[in-house]
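> Sequence:
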Amino acid sequence: MLRFTLPRDMYYGKGSLEQLKNLKGKKAILVLGGGSMKKFGFVDRAVAYLKEAGIETILFENVEPDPSVETVMKGAEMMREFEPDWIISMGGGSPIDAAKAMWVFYEYPETSFEDIIQPFSFPTLRQKAQFIAIPSTSGTATEVTAFSVITDYAKGVKYPLADYNITPDIAIVDPDLAETMPPTLTAHTGMDALTHAVEAYVSTLNSPFTDPLAIKAIQMVFDYLPASFNGDMAAREQMHYAQCMAGQAFTNALLGIVHSMAHKTGAAFSTGHIPHGCANAIYLPYVIKFNAKNAEDRYADIARSVGITGTNAECVKQLCEKIDAYNGSLGIPKSLKEFGILEDEFKEKIGKIAELAVADACTGSNPRSITPAEMEKLFACTYYGTEVDF
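Using my numbering, the letters of the sequence shown map in sequence onto residues 4 to 393.
Some clues are possibly wrong.
Stated by the list, open to error - Capping the alpha-carbon separation at 25 Å, the derived lysine to aspartate or glutamate pairs in DMTMM-like fashion look like this:
{"#": "1", "residue 1": "K325", "residue 2": "D304"}
{"#": "2", "residue 1": "K355", "residue 2": "D88"}
{"#": "3", "residue 1": "K30", "residue 2": "E73"}
{"#": "4", "residue 1": "K320", "residue 2": "E390"}
{"#": "5", "residue 1": "K29", "residue 2": "D88"}
{"#": "6", "residue 1": "K158", "residue 2": "D172"}
{"#": "7", "residue 1": "K320", "residue 2": "E358"}
Don't read these hints as lab results, they were simulated from the structure.
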């Protein structure tokens with residue numbers, strides 16, 4: 004038996020933030036990131052709508068990019084003190100991911116972080132609160148997914164948490180919020196969305212329910228990302244919907260080793276954090292070439308859906324070239340070396356990183372199995388920009 008799970012309600016379109024005034028409840032906590040939502044007036048609007056609904060609201064602010072275990076625990080403590088019946092998170096993937104994890108520790112204070120690292124091991128939620136997610140970026144789609152990524156900085160590891168319990172009850176996909184994204188963030192989140200859709204389509208858990216969502220999202224990203232990157236707000240709106248559709252696909256079909264690799268390298272190197280979407284964009288063409296031995300027909304389907312023609316092998320080759328070209332036009336490096344990771348540190352750490360990537364929760368649904376030795380070899384290709392021929 005398979006499962007297909009999405010939020011009960013999704014409100015979308017310009018101005019859909021206004022739906023907050025129709026909520027029924029007494030208390031809400033609004034979980035926020037670094038301040039852009041406040042700067043552009045969206046926090047004031049949200050609080051005003053909640054006040055109109057008769058809901059008392061407090062703010063938990065300054066969730067950092069790639070939220071930490073410590074931030075999650077602080078937020079949960081505030082929730083236990085305030086006792087909200089709505090948890091609302093607005094912003095990029097980081098505050099929404101953090102709020103999902105906070106939700107668990109609010110409702111189950113005795114639970115430890117280690118208890119929920121194992122996929123699909125969460126206790127039953129909605130005992131105290133329901134959850135609303137309002138994204139301001141067009142990539143993670145965490146507003147419709149059963150996933151959250153939390154970083155343990157002491158260990159230098161990202162933990163992808165997975166459980167249908169943390170799928171939000173309501174998603175508000177208002178493109179007004181996405182208009183505030185700077186170009187680099189637009190590029191990284193857009194390529195994150197493309198990776199979600201591509202990996203969902205070739206996943207071993209793909210289905211007739213997820214395939215149409217994945218293909219449509221891929222088509223929309225290729226159609227609208229360049230214009231969105233260049234500031235076209237009509238295209239920006241379409242990207243906001245495309246990333247949400249990609250999320251609906253991958254939360255049910257799961258992902259693959261592009262994400263396994265990105266999860267384990269984002270915080271691993273001293274020369275600088277690799278933004279998640281940027282890492283995905285770098286790794287995607289290399290992984291397609293690796294996976295094509297098992298999933299050439301599925302990648303060829305993707306290629307043909309965006310106008311590429313030829314044999315399956317020719318389609319896969321041209322798809323990788325198309326992604327490379329998009330990366331180049333968006334200012335995304337072609338390799339980890341080009342990104343700036345030091346070669347000595349890469350060589351020192353890559354063996355352990357490869358082991359962690361193989362053990363990542365996303366590896367299980369990748370269309371081609373991979374050993375730690377193969378993963379290390381694949382990472383070497385992504386570092387030096389060499390061809391994947393194994």
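> So which of the earlier hints does this model not fit?
The structure breaks hints 2, 6 and 7; every other hint is satisfied.
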